[in-house]
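Modelling step: build the complete structure from the supplied sequences, incorporating the hints.
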Amino acid sequence: MGSKKSRRLAATVVATCFVTGLMQGPASATAPASVFFEQEDVAPAAASGSAQQFTDVPTTAQFFKEIQWMGSKGISTGWAQADGTRLYQPLLSVNRDAMAAFMYRLAGSPAFTAPGISPFADVPPTAQFYKEITWLAAQGISTGWVEADGSKTYRPLQPVNRDAMAAFMHRLAGSPVFTAPTVSPFADVPPTAQFYKEITWLASTGITTGWTEADGSKTYRALSPVARDAMAAFMYRYDEMKNPPQTTPLELGSRWPWAGVGEPYYGSLSASGGTYPYTFSISGAVPAGLTLNTSIGQLSGTPSAAGTSTLKVTVTDAKGVKKTVDTLFGVSPSPLANIKSVTTGSSSVFAVGKDGRVWAWGLNYEQRLGLSTLATNTAVVSAPFQIPGLTDVQSVTVNRGGTSTTVFAVKNDGSVWAWGSNKEGLFADGTTEDAITPVRVPNLSGVKSITTALPPSGVGSTVYATKTDGTVWAWGANGYGQLGNGTTAPSTTPVQVKGLSGVQSISVPRGTVYALKTDGSVWAWGDNHSAGVGTVLVDNMGMNMSYSPNAVQVTKLAGVNSLAMIDDNIVFALQDDGTVWAWGYGYRGELGNGTQDYTPTPVQVQGLTNVKTIAASTSWLGGGGAGHALKSDGTVWSWGSNGDGQLGNGVAGDSSVPVLTAGLSGVRELAYSPYGATTFAITAAGAVWAWGGNSSGQLGDGTTTPYDSSDPTILPKAIAGLPPVQSIDFNGGSAFARTVDGPVWAWGQNRFSQLGSRDNTEVLGPVQVGW
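Count along the sequence shown starting at 1, add 52, and that's the number in our numbering.
It should be emphasised that the hints constitute simulated quantities derived from the structure, not laboratory data. Hints should not be assumed to be uniformly reliable.
[As the list claims (entries may be wrong)] Here are the computed distance ranges between Cβ atoms for each label pair:
(1) GLY705 <-> GLN656: 20 to 26 Å
(2) ALA239 <-> GLY168: 46 to 52 Å
(3) SER324 <-> ALA113: 23 to 29 Å
(4) GLU265 <-> SER324: 37 to 43 Å
(5) PRO542 <-> GLY353: 51 to 57 Å
(6) THR570 <-> VAL711: 31 to 37 Å
(7) GLY168 <-> ASP108: 38 to 44 Å
(8) GLY305 <-> GLY538: 51 to 57 Å
[Stated by the list, open to error] Computed list of lysine to aspartate or glutamate pairs in EDC-like fashion (alpha-carbon distance at most 20 Å, straight line):
(9) LYS463 <-> ASP407
(10) LYS371 <-> GLU303
(11) LYS500 <-> ASP444
(12) LYS500 <-> ASP571
(13) LYS683 <-> GLU721
(14) LYS683 <-> ASP629
The beta carbon of each residue, even a glycine, is placed where N, CA and C say it ideally should be.
Take a look at the structure:
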């Protein structure tokens, strides 16, 4: 009985039957006859919700939906064939043993221990479905026949008739109270018929509708065996009655996992709500090499070419309710390589290739990715895609602040291009119309870099263009005099910052603007709170000025070659003589001069000489931040807040003077973000070490374990799995390493697929972008 091979079994239809212990009338209108039945393959039940396909049940078959449901619920597994397909055999009659198994599974396969001694003489404990048959008896759903010798039999290989099936289902439902109608709904089931109450109950629930005959009457055909297709219909409707379909709206996901050229792909959109089962359809150009399985909404195959497709996907539930979404399907090329710079916004990433083309991925909020093929404003691109039509690019800048997201590209010819949101008028074209694809910013030429400002109030942005002639031009918000043109009036077109020439670079941590000139002087304007403009400004009443609309020189500095900032609270300046200077809020020792104080003008960081690079990190725990200095001997020194372990010295607590960051030597370069608490050191050999914040796995050590001041022995860690690294770009949550051999590696925050790893799962160690 337990063989997996189908076998023919002969059984005799007996004229008299007993159900639940009572003698019943004739079970058949014909004489006893020998009939043959196939026994269902005993395969493991399918998991709920999986797609169970039967090759002998086409989509046009009667009860196709119900049979598919039987398979998906694991109620019927059908017969396995030699070629791996499965058959359902819908027109075969259902034997009583298989019926017991069906009902047991329909009930959810409840925990049940079969008795050691069978209650039925013809069902030994070794019989197929012994557990299910004895469960049926234990529930009082069937007690079998009492034979002449007083024994009980179940007759497992006898077909179950439609009248008995009504009784079984009524009892499975708990024998609900029901008053049978005085007039039968079926011409062939009089009120005196055996199981009249159960049959009419079955009809009242909608589980059966019977047959409509030629004369218009309805019949039930009580003594006919139940075929396997009708059994599927009975059980599907019973389940709907006991477990009404979800009333939640039908929903369909809109995000496909990203695919890769030449790689096997299996991806689907998740549907929920409505009434299961679902069917799916797609309109649009499905990428070459992929096909759609309409029953489960899965695209599979091996894509042959890179690119994106806009696909309109429709899911239809069992009641005909439809939900349609526009989706983006992308196929990425081989891993991203030959990149000269990576620019990160809060949730979008842009990479400029050595060939001047720009790649984009991540969140497309406000159309910031510049991809005209994206279907929706919030679509996510989970692997790099080349922005069409944008060539000869030198650098990309993302506006991180204000109330909008605008992206700027500077080309090698000095022109500036913008896309994304223009509601603040940052395109400088006199309009507020957004652009999905890059448009040229008018009236600007000879530009070598773009810098954007995060405003103090969080409302309104300002853009700065540094030209090759050393002048600076600005447009946008101007509430704190950020434009540097002597006014506080905003401008939608570029205006020149007054009195500045020979500018090398612009830094804008928030509302204060700092210009580093080629002569080593530093000039500032805008907001004069926090770190401020680095000099004492008073008005004609002797009061400190809260802002300066004109550029003023930061005092006490000379020969400056670089600046670093902790948000807008502290500014560090590195001079050519290898000394470091700081000004602003030093309440956690950030000034590095042995105090915890505020100074509006630069003071020298104690004990630092021969410094060649400076960096800064923010503290998420307790505020403030830390300064970092790389000396010419390859050692790193840190000072300020240690709330996130930014000092990396193995000692708990802040430090108001520089301390040696432990375990580092031969360091060539430091990488940091003014918005992050993590610092990276790149050695001369290209190895990468990290310390500080780790809330999103920025340390790349396979964990998100934060720094614990009770265990201050946590020191800088080498990031494993990276080839020699050239440089690191970091936005505070996600890190990108450009390697000597070409590919870009990433780790950390990945909520919007910023890491380009084709999904949005957390990545705690380096992965190649695009793989």
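Status of each hint after checking the structure:
no.	hint	result
1	GLY705 <-> GLN656: 20 to 26 Å	holds (23 Å)
2	ALA239 <-> GLY168: 46 to 52 Å	holds (48 Å)
3	SER324 <-> ALA113: 23 to 29 Å	holds (27 Å)
4	GLU265 <-> SER324: 37 to 43 Å	holds (42 Å)
5	PRO542 <-> GLY353: 51 to 57 Å	holds (53 Å)
6	THR570 <-> VAL711: 31 to 37 Å	holds (34 Å)
7	GLY168 <-> ASP108: 38 to 44 Å	holds (39 Å)
8	GLY305 <-> GLY538: 51 to 57 Å	holds (53 Å)
9	LYS463 <-> ASP407	holds (12 Å)
10	LYS371 <-> GLU303	holds (14 Å)
11	LYS500 <-> ASP444	holds (13 Å)
12	LYS500 <-> ASP571	holds (18 Å)
13	LYS683 <-> GLU721	holds (10 Å)
14	LYS683 <-> ASP629	holds (12 Å)
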